[in-house]
Structure formats: C-alpha cells, structure tokens
Amino acid sequence: MKSLKHLADKPWEKKGIIGGLKPEGVFDTAAEKVALGFFLVVATVLFSLFTVSYFIRMELPDWRPLAEPAQLWLNTGLLVSSSVLFQLARNKVKRGEARNVFTLYLAGGVLAFLFIGGQLMVWGGLQEAGVYLTPNPAASFYYLLTGVHAVHLLGGLWVWSKTSIRLLSGCEPKDVRLSIELCTLYWHFLLVVWLVMFAILSNT
Amino acid sequence: MAYVPLADQEIELHHPHSWVTKYVWSQDHKVIAIQYGGTAIAVGLVALVLSLFMRMQLGFPETFDLIDPNSYYQSVTMHGMIMVIYLLTALFLGGFGNYLIPLMCGARDMVFPFMNMLSYWVYLVSVIILLASFFVSGGPTGAGWTLYPPQTSMAGTPGHDMGIVLMLVSLAVFIVAFTMGGLNYVVTVLQYRCRGLTMMRLPLSVWGIFVATVLGLFAFPALLVAAIMMLFDTLLGTSFFMPAVIESGAALDYDGGSPILFQHLFWFFGHPEVYIVALPAFGLVSDVLSTHARKNIFGYRMMVWAIIAIGLLSFVVWAHHMYVSGMHPYFGFFFATTTLIIAVPTALKVYNWVLTLWEGDIRMNAPMYFAIGFIFTFIHGGLTGLFLGNVVIDLPLSDTYFVVAHFHMVMGVSPILVLFAALYHWFPKMSGRMYHEGMAKLHFWCTFLGTYAIYLPMHYLGIHGVPRRYYALGTTEFMAPATQDANTAITIAALFVGASQLLFFINVFWSLRSGEKSGANPWGANSLEWQTPDTPPIHGNWGDELPTVYRWAYDYSVPGAHEDFIPQNTPESEEPTVDAEHFDPDHDVSKADL
Amino acid sequence: MSLAIALFLLVIATVVLHFVFAYYFDWWFTDLAADWAGIDFTVYVTLWVTGLVFVAINAFMAYCVWRFRHQPNHKAVYEPENHKLEIWLSVVTTVGVVLMLAPGLFYWAVFVNVPEDARDYEVMAQQWQWQYRYPGADGILGTADSSYISESNPFGVNPEDPNGQDDVIVNDPQMHLPVDQDARFLLRSNDVLHNFTVPQFRVKMDLVPGMIPYLWFTPNKVGTYDVLCEELCGIGHFIMRGQVVVETEEDFNAWLATQPTFAETQNMVAANPAAGQAQYALCATCHGQQGEGNLALNSPKLTGQPAWYIERQLQYFKSGVRGGEGDVYGQQMAPMAATLIDDDAVRNMAAYIVSLPDQPAERTVTGDIANGQDIYDRNCAACHLDDGSGTWYTDAPPLTGQNDWYLVTQLSNFQSRIRGMHPDDTFGEQMVQMSTAMADEEEIRDVAAYINTLSSSRIEVGE
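Residue numbers (the working numbering), protein chains in the order written: chain A, 3 to 206; chain B, 127 to 720; chain C, 2 to 464.
No lab work stands behind these hints, which were simulated from the structure alone.
One should not assume that every hint holds.
With a cut-off of at most 20 Å between alpha-carbon atoms, the simulated EDC-like pairs for lysine to aspartate or glutamate come out as follows [as the list claims (entries may be wrong)]:
id, chain 1, residue 1, chain 2, residue 2
1, A, 96, A, 34
2, A, 17, C, 82
3, C, 85, A, 177
4, C, 222, C, 265
5, C, 222, C, 248
6, A, 16, C, 82
7, A, 35, A, 177
8, A, 24, A, 34
9, A, 17, B, 698
10, A, 7, C, 248
11, A, 16, C, 80
12, A, 94, A, 177
13, B, 567, B, 642
14, A, 12, B, 698
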C-alpha cells in the first residue's frame with residue numbers, strides 16, 4: 003500500500019518534479035483495466051447487497067427452500083468452460099500468438115450464450131413445475147438473482163460481439179488484445195459470482 | 127509498458143465539425159459539464175417552485191387554491207428527490223466534477239470522452255422520465271422521497287400506480303448515468319494526472335469530488351437493488367418488501383416481506399449520499415477560501431485525511447436514520463457511537479477553514495462571501511446533527527420540523543452556498559468574463575440571511591413537536607398559539623429567497639454579454655485550471671504541451687516571492703523571488719480585490 | 002467588513018432568538034408528562050455543548066474576517082499546518098462528543114430495557130385511525146393476525162386463542178391510561194408504516210406491518226394528550242389523530258369496565274329491525290316512509306348507508322357531537338335522536354333503515370364533472386374509494402346514491418367548520434381538513450356532480 007504512505011507526505015516541503023514522466027500513484031496499466039477494476043468492485047457491491055437481502059428475507063417465516071434442478075450443474079459446467087476458453091485465448095494473445103485465438107475467443111462466447119440458454123431452460127422447467135415468481139420469496143429471489151447475473155453476462159457478450167466482429171473482419175488478435183484481456187477478467191468475475199450464487203441458492 | 131504523456135498519445139479528441147457536434151453531441155468535458163449543470167439547475171428550479179407551493183399552503187392555509195393534500199405530498203416527494211439526486215448530485219459531480227477534474231489534473235479530457243457524453247444523455251433521459259410522471263394518470267408519487275414501502279404502491283398514496291414506477295425507473299436510469307460518469311472521474315483522477323502532479327498535490331476540490339465519486343459508485347448500487355426489488359413488488363407481485371397488508375378493507379396478495387429491509391438498503395445508499403453532496407462542497411469551498419484569503423489551506427493533509435475518514439465512516443452510520451423505525455433497538459448503541467465519531471473529522475475541517483482565514487489577507491469578493499456564509503450555516507447544521515445522531519434525543523425530535531431544519535441547513539443551504547461560491551469563482555474561467563460584483567453580493571445577502579430566517583425558527587417548531595410532512599397543522603392541544611405565525615413568517619422568507627435567486631440568473635445572462643473581460647487568472651489562483659493558454663479553455667485544454675507540476679496548489683503568500691501566488695506549473699528556477707521589502711501586493715496582476 | 006459585522010450580529014441574534022422562541026413564543030418542549038427527564042437532560046447537555054461551540058467558532062470567524070481583511074502592504078502568513086494545534090483541537094472535540102454521547106447511550110439503555118412490571122397495551126394503526134387493545138383480566142394479549150381482520154373483528158384477534166377472549170377492544174382513537182404505571186406499547190399496523198407519537202411523552206416508534214415494535218414510558222401527569230402519526234402514511238397522514246387520557250387508577254378501571262371485551266364484540270345479540278320499525282314513524286315524517294329523503298325539508302336519504310355509519314351519526318346527534326352552532330338542520334336532529342333511549346335502540350333503528358329498499362337519489366346538482374373527477378380521484382377516493390362506495394376500514398360512508406344536494410350542504414358545513422370541529426368528532430375533523438381540497442362552493446358542486454356519475458344503477462331524470 004505504497005499510495006497510502008503518500009498520504010503522510012507534506013506536499014509544501016518538496017518542490018520540483020516528483021516521479022518520472024508519470025506522477026506517482028498512477029497504475030502502470032491501461033485506463034480501461036483500472037475502470038473495469040472499479041466496475042467489478044461496484045458489481046460486487048451490487049451482488050453482495052442482493053445476497054444480504056436474500057439472507058435477511060430468508061429469516062422470515064414464509065420462506066420455503068427451493069429444490070434447484072440438476073441442470074444447473076450442467077450450466078455451471080458451460081460457464082466454467084467458457085471462462086477457461088477465454089483464459090486460453092488471453093494467454094495466447096499475451097504470448098503474441100495469433101493462431102486459434104479467434105476460435106477460442108469465439109467458442110468462449112458461444113458457451114456463454116449456451117449458459118444463458120440453459121438458465122432460461124431452468125426457468126421454463128421451474129414454471130412447468132409450478133414454481134412461479136410468486137408467492138414463495140425463495141423463488142422470487144431465484145428468478146431475480148439469476149436474471150441479474152444473466153443481464154451482466156449479456157453486457158459482457160455485447161462487448162464480446164463487438165470484438166468478434168472486428169476479428170471476423172480481419173483484425174489481428176494483437177490489436178484487440180486489451181479487449182480480450184478485459185473480457186477474460188470480466189468472465190472470471192461473473193463465474194465467481196455465479197459459483198457463490200449457486201452455492202447459496204442450492205444450500206438454502 | 128512505457129508511459130507516454132497524453133499529449134503525445136494518439137488520442138482522438140473528436141474535434142467537432144459543426145455546431146451540433148460542438149455543443150450538443152459534444153465529447154468535450156467542459157461542454158458536458160455545462161450541459162449537466164444547466165439541466166440540473168433547470169430541474170432544480172422545478173423543485174424550488176414545488177417547495178414554494180408547499181410553503182404557500184403551510185404559511186397561508188385555506189388562502190390559496192394552489193395545492194390540495196394530494197399535490198402537497200407529491201410536491202414533498204418530488205422536491206426532495208429532485209434536490210438531492212437530480213440537482214445536487216448531478217451538479218457537483220456531473221457539473222463541477224466534469225469541468226474541473228481534467229483541468230485541475232492537467233489532462234486534455236476525461237479518459238473515456240464518449241462514455242462521458244453518454245453519461246449526460248442518459249442522465250437527461252432519467253430527468254425526462256422523472257418529469258413525465260407529472261403527466262401520467264395519478265401524477266407523480268407522493269410517498270415521500272424515502273419511498274418507504276408498503277405505502278409506495280398502496281391506494282392511499284398519491285401516484286401509487288404510474289408515478290412510483292416512473293420514479294423507480296428514473297432512479298435506475300440515473301444510476302446507470304452516474305456509474306458511467308463516475309468511472310470516468312475516478313479513473314481520470316488516478317491515471318490522467320499530468321507530470322509531477324502527485325495525489326497529495328491535488329487541489330482539495332479534486333479530492334472531494336474523487337472521494338465523493340467513489341462513495342457514489344459504492345452506494346448507488348444499494349439504491350439500485352432497492353429500486354429493482356421494489357419494481358418487482360409493484361409490477362410483478364413479489365413480496366420482497368411487502369408484508370401482508372390491508373388496502374381499503376381487503377387483504378392484498380402480499381405476504382411476509384420486510385419493509386425494514388428496504389429502509390436498510392435505502393439508507394445504506396442514503397447516508398453516503400449526504401457525503402456525496404457534502405464532500406465536493408467541502409473541496410470546492412476549501413479552494414475558494416484559500417484563494418481569496420491569499421493563504422494556503424490550513425492543514426492540507428488533515429483535510430485530505432478527514433475527507434477519506436468521513437467517506438469511510440459514512441458507510442457505517444446509515445441506521446441513524448432508523449432509530450425509531452422498529453429495527454432492533456440494540457443497533458442504536460452502535461450507530462449513535464459511529465455517528466458522533468464522524469463529528470470529529472467534520473469538526474476538524476471546520477476548524478481548518480476558519481484557521482485558513484486566520485492571518486490571511488482576505489479579499490472580500492463575492493465567492494468569499496458565499497464561502498464564509500457556508501461555514502456559518504454548516505456549523506449550525508452540523509451541530510444540530512449532534513442532537514439527532516444521539517439516539518435518545520432522536521426519540522422526541524425524529525420526524526419533526528427539527529429534522530427538516532437540520533438537513534436543510536446541512537444539505538440544502540450549505541451546499542447551495544458552496545455551489546454559488548463555486549459558480550461565481552469559476553464563472554470567469556468558464557465564460558471569460560467577470561460577473562457583476564454588486565449583484566452577486568446582493569444575491570448573497572438575500573440568500574444567506576433569507577435562508578437563516580427560514581430554517582432557524584423551524585428548529586424550534588420541531589422541538590415544540592410540530593411534525594414534518596403535514597399538509598395542515600389541524601387542531602391540537604399542545605401547539606403554542608404562535609405556531610401558525612411561525613409558518614407564515616417562514617413562508618414569507620421562503621418566497622423572498624426564492625424570488626431573489628433571479629438575481630443570479632440576471633447576473634449570469636448580463637455578464638455573459640456585457641461582463642468585463644476577465645483574463646486567464648483573475649483571482650491570482652495557483653491551480654492548473656487558471657493556467658490554461660485560452661480562456662475559456664478550448665477543446666484539448668492545453669495547446670501543444672501538457673503542463674508539468676512543480677508544487678502543491680496552495681503556494682499563496684510564500685515568503686520571499688514577489689507575488690502572493692505561485693502557480694502549480696511554475697518551476698523552482700523560475701520562481702520570481704525578490705527581497706521581502708520589495709513585495710508590493712497592490713501591484714498584483716490579479717484582480718483579486720475587486 | 003460588513004460580513005464580519007453580520008456574522009457577529011447573527012451569533013448574537015441566534016442566542017437572543019433562542020430565548021425569544023423558546024420562552025416568549027413557547028416553541029419549546031411541551032411539559033413533560035412521562036418519566037423521561039433523562040431525555041430532556043441529554044438534550045440540555047447537547048444544547049450547552051453545541052451552543053458554546055457555535056458561539057465560539059462563529060465569533061472567532063467573525064473576528065478573523067474583520068481582523069485579516071485585505072489591507073495595503075499586508076501579506077498573509079504562510080503556515081501550511083500546525084500539527085500540535087490540530088491534535089489539540091481533535092482531543093477537545095472528542096471530549097465534547099463523549100460528553101454528549103455518554104448520557105445518550107445511558108438513557109437509550111433505559112429505553113431499550115422495559116421494566117418487568119410494565120403493563121402491555123396494543124396500539125393498532127391503519128389508514129388513518131388509531132385504535133387500542135387492552136389485555137383484559139388475564140393480563141395477556143391474545144394472538145392476532147391481519148388474516149383474521151374483518152368488519153366485525155377489526156383487530157384480527159385470533160378467535161381460537163383463549164387469551165384473546167377477554168381482551169378489551171377500544172375501537173376509538175381515544176385511549177385511557179392509569180397514571181404512574183409503567184406502560185409498554187406493542188405497536189401493530191394493518192397497512193403502511195405509521196408512527197405513534199405523543200409529544201409530552203417524548204418517545205416515539207414506528208408501527209410496521211408484519212412486526213411488533215414497542216416503546217415504553219411511565220405517564221406521570223393526569224391529563225389528555227394528542228396522539229400524532231409521525232411517519233408519512235399516505236394522503237391522510239396529517240389528519241391521523243388520537244388522544245391519550247391519563248387518569249387515576251380508579252378512573253381508569255371505571256372507564257375500562259365500560260369497554261367491550263373481544264368475546265362480547267363477537268357474541269353481540271343481533272339488532273332487531275322490528276323494534277326499530279316501531280320507532281321509525283317519527284323519522285318517516287321528514288325522511289319519508291322508505292327513508293328516501295325529502296329535499297323540501299332538507300332531510301337526506303337514509304337508505305344506502307351502512308349500519309355503522311347510521312349508528313355513529315345517531316350517537317353524535319344524541320350527544321351533541323353533531324348538530325352544533327350554525328348547523329340549523331342538524332340541530333333539529335338532536336331531540337329526535339334523543340328518543341332512542343339506549344345503544345340497543347340505536348342499533349335497532351340502524352338495522353331497520355338498512356333493511357329498507359334502496360333507490361339511488363335524484364340528480365339535482367350540476368357542475369364541471371371533469372374538474373370534480375380530478376378533485377375526487379386525487380383526494381376523496383383514498384377513503385371513499387374510486388367508485389364512491391365507502392368502506393368501514395377508513396370509516397368513510399358511501400357517497401354514491403346519496404342526495405347530491407345533501408353532499409353539497411355537508412361539504413360546505415365541513416369547509417366552514419360548522420360540522421366536524423367538536424372535540425369528539427375525530428372523523429369529522431378529517432373531513433374539515435380534506436374539504437379544503439375544494440376551493441369554493443362551485444368546486445363542491447363539481448365534486449357532487451362527479452359523484453352523481455358514479456352510480457351505475459342511477460335513475461336518469463330530467464335529462
């Protein structure tokens with residue numbers, strides 16, 4: 003926490019240029035990554051507050067635990083694979099390789115779409131089983147939380163599709179390296195969110 | 127990765143090609159700032175008129191046919207929500223944040239200019255959605271700005287069908303806009319500072335706006351969660367917040383929800399929101415005070431620490447809004463303690479402002495009037511907060527006019543005085559012309575004395591037991607006979623203050639055309655925004671080369687210097703030092719004592 | 002210079018005005034009527050600490066503004082910080098904070114811990130009335146739930162719970178309390194958030210549907226105190242009033258004995274319409290054989306009104322709550338209602354009137370229906386419902402089918418405070434306040450004209 007130490011600086015004592023071309027405290031990385039980092043903290047706060055609400059609401063007497071369908075394990079598998087493919091694509095592009103990057107990146111996104119499709123199927127299955135949005139609050143939360151997660155994933159897929167179109171139109175992978183790195187980070191984040199959410203949903 | 131100064135980077139500045147791209151779809155942070163500010167002030171005027179309607183009803187009940195109980199509660203709600211979110215938050219962060227951050231950081235623009243532009247347009251959409259609720263059936267919601275369930279969606283509340291839905295959607299859209307803007311402000315401050323500009327050399331304005339934006343980024347999600355869940359309850363019939371309730375004698379289809387949960391979420395956002403407004407005000411006023419006192423801000427480090435400490439503490443005090451909400455009473459001990467602890471860093475800021483005046487060379491320009499007026503009203507509002515934060519005193523005072531008076535002093539009058547201080551202070555930079563000094567001072571006297579006349583007696587009505595959010599006092603045994611007279615007097619003061627705001631608008635419009643040319647640095651200020659090659663700064667701000675910073679922003683009246691200010695981008699070697707006896711402050715190039 | 006003087010004067014004015022406001026205008030705490038002197042003590046400690054800080058800092062600031070104003074050949078002192086001073090100031094501030102917080106937390110602990118011997122009372126709030134339940138002889142309140150709530154069981158007391166049978170039901174905004182006896186209030190709401198406040202008792206707490214928050218105090222002064230709702234609860238928030246009568250244990254017991262228990266309210270003997278019919282002959286001379294009303298005699302239609310409303314009005318006329326000064330036609334009702342000797346006679350009469358066939362009244366009033374609808378939907382519908390059918394829940398009688406000229410008379414009576422200002426007429430004062438939604442007689446006629454359009458089974462006449 004070097005930057006915290008600087009809080010004790012007495013700025014009136016030292017004149018002249020401090021630091022090199024870049025003042026101290028600037029992160030040695032692209033601004034987009036810093037922005038994504040902040041956004042992930044914001045999203046973490048959002049999901050945490052949903053989770054806290056979930057636990058508070060759970061304590062009230064009308065809560066009836068939901069039996070989550072087994073298909074969620076399959077969906078989880080899809081999302082894990084999607085994340086892995088993004089990581090592989092990122093590793094390659096970071097090493098400067100161009101081969102297969104596009105394929106891996108494309109496949110990662112497709113798997114994410116499949117995950118969302120799988121989540122919709124689970125929704126459909128629940129509806130058929132008579133588990134509607136109301137009146138059981140456990141079901142309300144199930145639809146709400148999975149929905150909010152899917153919306154975040156769709157946001158990621160929008161960026162993914164823009165990059166994919168650039169790759170499709172012949173852009174070199176190294177030119178979209180930043181975008182691939184950002185997508186990978188975001189995918190890992192959403193995977194962690196999903197795993198935590200899945201653990202909470204299926205244990206309560 | 128080697129760092130490339132921004133000037134040499136291939137950044138596309140989207141230089142405008144037509145009037146439309148220059149002033150409408152502009153990606154220039156300064157144009158966006160003015161768009162944000164103009165919209166916020168316009169919608170704030172709507173809220174001001176609503177408050178005058180309320181005051182007319184309270185001051186002269188049964189005299190004017192302006193307002194009935196229904197529209198009274200709608201006015202209460204819309205006034206509060208607009209002032210807090212759509213005016214103050216938008217103007218401090220979207221307005222001043224946008225204008226000052228890149229300039230004070232020595233950057234060409236925000237890091238993501240397109241997203242910055244989008245932020246404004248999404249904000250405008252949220253304002254339009256909000257105002258649309260005046261035109262739908264049932265009108266805007268009248269649930270109070272706190273939007274407490276279950277009454278928000280029940281028949282006894284004005285606007286319980288369409289109004290509340292539009293309000294929640296508008297808030298969600300606003301949060302999206304804020305997040306886009308907020309990420310921009312934070313990353314710009316972190317990554318786009320110019321050479322030599324360490325965090326501890328930043329003007330306090332940037333610190334205040336920076337920490338407030340971080341607070342906003344972490345606090346607004348709570349409001350978003352609450353809004354989404356309430357929309358589900360209202361539109362889809364879930365029971366997140368809605369317990370089993372009876373409406374007009376018949377049970378509704380809700381069961382088991384927790385209204386208190388909503389309150390926790392709301393205030394987890396709502397309390398930091400107070401500081402989202404206050405911290406930028408603290409920052410801006412520090413710079414105004416220091417510049418016009420020709421003295422460094424006293425205890426710069428303590429000011430930065432206090433901003434950070436207040437920011438952190440603001441996340442652990444939220445339930446002091448809920449002492450009498452029916453939550454577990456043991457929370458009271460914790461939240462009363464944290465709340466009173468926050469008084470310590472806040473008090474230190476006040477001491478340091480006053481100590482900045484001590485042994486200064488105070489130029490009594492209009493911004494300084496507003497800044498000193500702010501210290502007075504903020505001391506008053508802060509001290510009354512010690513009553514309400516101390517849990518047991520909140521029992522008699524909660525939900526009375528004492529609360530109304532307190533938060534209007536601390537969150538209404540004080541930030542507004544800073545806004546005017548800042549608007550007058552930076553007006554020459556934004557327009558290249560001076561405002562009319564006499565009119566600005568008259569505006570100050572009307573606003574400062576007028577608002578004190580409004581809110582001082584209100585505290586006493588609250589102690590007396592007059593409840594807030596009452597359309598009429600009705601008959602009670604306990605109210606003193608002069609209670610209605612107080613309301614009448616307060617209303618007269620409010621109408622006076624409301625009308626006197628015209629002075630500001632006349633001043634701005636007159637000065638834009640006929641004000642004296644101000645030059646680049648009329649106040650003799652140190653921070654970077656006053657050192658731009660052009661005034662007002664053109665798109666890109668800095669000409670060919672970005673500035674380099676050699677010192678902090680508060681080198682005023684440095685011993686041995688021949689002027690009483692040394693701009694941040696003045697190298698030590700060029701520091702124009704002369705013997706102290708040759709110092710002649712009356713030959714300043716500045717217009718600091720108009 | 003002018004600002005320094007102004008700041009200095011403002012400090013003095015604030016101190017002077019404090020005394021003027023608090024002691025000359027009496028805008029200060031009402032006389033304490035409960036054992037919460039500790040709260041007032043904490044307030045005074047805080048007032049002194051903050052008052053001194055206010056005067057000290059602002060006076061110092063005024064001095065600075067005057068002393069260090071710009072003068073020729075003067076230069077500010079360069080002093081980046083004074084760490085010692087800052088630490089010293091933080092310590093002093095902390096001491097001040099502790100001084101205020103200590104009594105605050107101490108008395109909060111007292112408030113949180115209810116004494117063992119406190120008696121329980123239930124306060125029940127709904128839009129926009131207060132009502133109360135006492136535990137009865139066994140000292141235990143029966144369980145209750147909003148799912149049991151109906152017109153005959155407005156508290157939703159569990160009919161199966163033996164503890165609830167002897168609970169005393171006070172379906173009235175006025176409650177009584179014995180003096181010097183610790184009281185714990187259990188707070189229930191049927192619909193939205195409300196807040197139970199009596200300024201003289203100092204304490205207040207929200208009523209939250211689905212929860213039972215509490216507060217406690219010891220009333221120590223005999224008297225009658227206003228109950229206010231202090232949590233925004235919808236359009237009628239400002240007219241939600243009640244009263245607490247604090248009296249000696251003796252008086253309290255005497256009063257309590259006259260109130261019905263839950264079992265009594267459930268097992269009331271059905272009213273006898275035949276007995277009512279016998280007495281109706283007197284009424285028929287003005288109100289007509291079928292209770293259809295008579296414009297020439299200013300006698301409104303009686304049919305179409307529910308029994309609870311007719312009973313309440315008859316009781317009001319009997320006791321002079323209604324028919325006071327200025328209410329010429331209302332005054333005529335007093336001797337008539339007096340012929341109903343007891344509560345049973347009133348109930349029988351209401352039962353007979355309810356049994357009469359109901360025909361909607363003729364239309365006589367015309368006005369701007371669109372304006373009337375606007376006013377009605379925004380303000381009246383909250384209690385009288387969108388279709389004007391009224392409901393026991395909000396104590397609002399039906400308006401559709403009633404004589405429109407009668408509605409106009411009553412609305413103007415409310416507006417001119419001829420009706421509704423009797424201290425015991427809580428519902429009436431609500432109407433006095435709400436009638437201000439109509440600016441004048443013309444708008445009253447607009448609303449009446451709109452109400453005319455609400456009844457679907459209306460007889461079309463004179464078109």
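Structure-based check of each hint:
1. A/96 - A/34: It holds: about 17 Å lies between the C-alpha atoms, which stays within 20 Å.
2. A/17 - C/82: 17 Å, holds
3. C/85 - A/177: Distance ~56 Å between residue 85 of chain C and residue 177 of chain A Cα, so the pair is violated.
4. C/222 - C/265: 32 Å, violated
5. C/222 - C/248: 8 Å, holds
6. A/16 - C/82: This hinted pair holds, its Cα atoms lying about 15 Å apart.
7. A/35 - A/177: 16 Å, holds
8. A/24 - A/34: At roughly 17 Å apart (the allowed maximum being 20 Å), residue 34 of chain A and residue 24 of chain A satisfy the hint.
9. A/17 - B/698: Holds - the C-alpha atoms of residue 698 of chain B and residue 17 of chain A are around 7 Å apart, at most 20 Å.
10. A/7 - C/248: This hinted pair is violated, its Cα atoms lying about 67 Å apart.
11. A/16 - C/80: 15 Å, holds
12. A/94 - A/177: 13 Å, holds
13. B/567 - B/642: Holds: residue 567 of chain B and residue 642 of chain B sit about 17 Å apart, inside 20 Å.
14. A/12 - B/698: Roughly 17 Å separates the two Cα atoms, so the pair holds.
Of the numbered hints listed earlier, those contradicted by the structure are 3, 4, 10.
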